[in-house]
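There are 2 protein chains.
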Amino acid sequence: MKVKLQEDVLKDQNLSANFNREHFNTSKTLVVNMMSSPGAGKTTLLEETIKLLVDQYTVAVIEGDLATDRDAERLRALGVQTVQINTVGGCHLDARMIAKKIPEFDLEEIDILFIENIGNLVCPSGYDLGQHYKVAVLSVPEGNDKIPKYPVMFRRTDMTIINKIDLLPYVPFDLEEAESDLQFINPSAKFQALSAKTGEGLDRWITWLKEAYQQCTKQ
Amino acid sequence: MKVKLQEDVLKDQNLSANFNREHFNTSKTLVVNMMSSPGAGKTTLLEETIKLLVDQYTVAVIEGDLATDRDAERLRALGVQTVQINTVGGCHLDARMIAKKIPEFDLEEIDILFIENIGNLVCPSGYDLGQHYKVAVLSVPEGNDKIPKYPVMFRRTDMTIINKIDLLPYVPFDLEEAESDLQFINPSAKFQALSAKTGEGLDRWITWLKEAYQQCTKQ
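Read top to bottom, the protein sequences are chains A and B.
The first sequence begins at 1 in UniProt numbering and counts up one residue at a time.
The second sequence begins at 1 in UniProt numbering and counts up one residue at a time.
Among the hints, erroneous ones may be present.
No copy is singled out in the list; a pair is fine if it fits within one copy or between any two copies.
Derived DMTMM-like pairs (lysine to aspartate or glutamate); straight-line CA-CA distance at most 25 Å [claimed, not checked]:
id	residue 1	residue 2
1	Lys11	Asp158
2	Lys197	Glu176
3	Lys197	Glu22
4	Lys197	Asp166
5	Lys197	Glu104
Think of the hints as simulated: they come from the structure by calculation, not from any bench.
A quick note: this is a predicted structure, and the numbers were derived from the prediction, not measured.
The shape of chain A in the complex, shown without the other chains (with noise of 0.2 Å):
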């Protein structure tokens, strides 16, 4: 599938989403945006994740960094197209970006496609990217008041994972706070909690994905 750009479609936020969206359907790629905190896990979550899904999914990613690209290393390391975003600064991906970026993927051949957001809990919750799932990571070391102390970001996401569990027994972390916190900004997000060092709690989320995308196909 070629996909052309048009020069409005780049001035527009907006209508950026719109197009991204329009191909991401067309060719039936389930694409998830994944936002959290620096430091929540949201790589190790996605290498993780990969490893269960390649034997079964076409998956790539978009990978948003503010410098470097080690992140986009760690998951072509494990055979993945991986497109890097540098925002040089910026805190947040916006759907310009990704249309960018939507040339360098031959999305007919891709079933899902993760766009790991920069790292920060405010900035990316108010960018519509055209992705079909917005998923926050909040990890346990951060503390559970982080819900109600950053409603934005949990108020905008159709999916909240807990990352981290295993450190359940040295942080202070109420689970079930955070689920009925999220529940009351939230009641129509989903909530997960699980460990990507582990594996604690992945296949839950892997059988999300698998029905995401069975519905997306659907379409």
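Got chain A sorted already, so can you dock chain B onto it with the hints?
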């Protein structure tokens, strides 16, 4: 000391920063701007720091948050004046917000004023608040790759504190690499590792604050 705000000060970030700095210098109040990702432990570090300072110093806090005054309540419980700034979604404090809050303090009576910035490793770094020192807090669970990955923050700070060293046995974090990465990005920056939770290493941080206060009152 009465502080009169002029409208042009509030219109301009840099004018406001200089306005703030002038007031802080006149009253000989040491001002430290604390920045980090969400959940790196700024508030806990401030709690433990304040407990170790209040016998000798009058301490106050400006507490930045997107929403809620949970952190301000934690600090008020220690008996220190804490003024809340809610940015309603804004990802950093700026000098104008600080300038507007200055009249709420009797600066002549305050020895050390901490500004707890919004939890964000990107946006706050670009804003001079008129402080004497900028301190970045990075926590062990975030991983030591965050220094090269978020260079803008670490390049612009006077000190980087590595917090939560009590978690070093449970998560991969290379303290030496962190120190040498910081050295490379910002050779003049101080580097301290501590655990606000266990108290390990806090003495060095308190010593640094006391010396910084002495410098500030000498000017």
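Here is what the structure says about each hint:
Taking identical chains as interchangeable, the C-alpha atoms of lysine 11 and aspartate 158 are never at most 25 Å apart, the minima being 27 Å within one chain and 38 Å between chains. For a Cα distance limit of 25 Å, the shortest separation of lysine 197 from glutamate 176 qualifies both inside one copy, at 22 Å, and across copies, at 23 Å. In the homo-oligomer, the alpha carbons of lysine 197 and glutamate 22 never lie at most 25 Å apart, since the shortest distance is 35 Å inside one protomer and 50 Å across protomers. Taking identical chains as interchangeable, the C-alpha atoms of lysine 197 and aspartate 166 lie at most 25 Å apart whether they share a chain (8 Å) or sit on different chains (19 Å).
Taking the shortest Cα distances, lysine 197 and glutamate 104 never come within 25 Å of each other, neither inside one copy (31 Å) nor across copies (47 Å).
Checked against the numbered hints listed earlier, the structure breaks hints 1, 3, 5; every other hint is satisfied.
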